[in-house]
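J.: Given only the sequences and the hints, what does the whole structure look like? Please build it.
Spelled out, the chains give:
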Amino acid sequence: DAMVIQNPRYQVTQFGKPVTLSCSQTLNHNVMYWYQQKSSQAPKLLFHYYDKDFNNEADTPDNFQSRRPNTSFCFLDIRSPGLGDAAMYLCATSVGPTRNEKLFFGSGTQLSVL
Amino acid sequence: AQSVAQPEDQVNVAEGNPLTVKCTYSVSGNPYLFWYVQYPNRGLQFLLKYITGDNLVKGSYGFEAEFNKSQTSFHLKKPSALVSDSALYFCAVRDSGGYQKVTFGIGTKLQVIP
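Those protein sequences? They're chains A and B, same order as listed.
Numbered by the numbering used here, the letters in the first sequence go through residues 8 to 121 in order.
Numbered by the numbering used here, the letters in the second sequence go through residues 26 to 139 in order.
Hint data in this document are derived by calculation from the structure and do not stem from the laboratory.
All C-beta atoms in this analysis are idealised placements derived from N, C-alpha and C, irrespective of residue type, glycine included.
Derived lysine-lysine pairs resembling DSS-like cross-links, with alpha carbons at most 25 Å apart: (1) B:134 to A:109; (2) A:109 to B:102; (3) B:47 to A:45; (4) B:74 to A:109; (5) A:24 to A:51; (6) A:51 to B:47; (7) A:109 to B:126; (8) B:126 to A:45; (9) B:47 to B:74; (10) B:126 to B:94; (11) A:51 to B:74; (12) B:47 to A:109; (13) B:102 to B:83; (14) A:45 to B:134; (15) A:24 to A:45; (16) A:51 to B:126; (17) A:109 to B:94; (18) B:126 to A:59.
Restraint-style ranges between C-beta atoms, simulated for each label pair: (19) B:139 to A:82: 41 to 49 Å; (20) A:105 to B:51: 15 to 23 Å; (21) A:107 to B:93: 15 to 23 Å; (22) B:81 to A:29: 35 to 43 Å; (23) B:95 to A:82: 41 to 49 Å; (24) A:17 to B:131: 17 to 25 Å.
T.: See below:
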C-alpha cells in the first residue's frame with residue numbers, strides 16, 4: 008500500500024546532540040510537511056516543501072532545518088536539541104497545494120531528549 | 026489569523042449512543058474544514074472535509090459533520106458510537122485566502138464506554 012513512512016518510531020538523543028528524523032512516501036505527492044505535536048497541544052506546522060520549494064513557518068526556531076533530496080524523502084534536522092524539543096514529530100504529504108487537499112500522515116517519531 | 030477551538034478535552038459516550046465532538050473556527054475568508062482522527066501510536070487519518078455545498082458532510086467509518094456558517098461551527102457526529110471509535114479527534118481549517126497551511130485544534134479525546 009502507498010503510504011508515508013517515518014523512521015525511527017522512537018528516537019532518544021542527548022541534550023545538544025544533533026539528530027535527524029526521516030520520512031519517506033510512496034504516494035508521489037508534491038507537498039511534504041513536518042509537524043511538531045506536544046502532549047495536549049495541536050500539531051504545529053514547522054515547514055513544508057512544495058516540490059523543491061522550501062517554506063519555513065515564521066515561528067519555527069532556527070534550530071530546526073529540513074532537507075528534501077528527492078520527491079520521496081524528507082528529513083528533519085534538529086541541530087542542538089533542547090529539553091523543550093521533546094515531542095512527536097509528524098510527517099505529512101498532500102497531492103498538491105490546493106486548499107481542499109487532505110493530508111496523509113505517517114505514524115510519527117517520538118523524540119526524547121535526555 | 027485562522028484558528029480552531031475544540032472546547033472539550035474529552036467526550037464520554039456509551040456504546041450505541043449518538044456522539045458529537047464540537048469544533049468552532051475563525052477565518053478571514055471562506056473556510057475549508059477538516060476532521061482527522063488519531064489512534065494510539067498512529068499518525069492522523071483523514072475523516073472528512075467541507076469545501077462548499079451541502080452543509081452535512083459524510084465521511085469515513087460512519088462519521089458526518091455539520092457546517093454552520095452563522096455559528097462558525099463544524100461539529101463531528103455519529104448516530105451510534107462504537108468502542109473502536111475511541112481515539113483523539115482533531116478539527117482543522119484552511120483559509121480560502123491563505124496558502125497551504127492547515128491549522129489544527131488541540132484535539133478532543135473520545136471515550137466510548139462499553
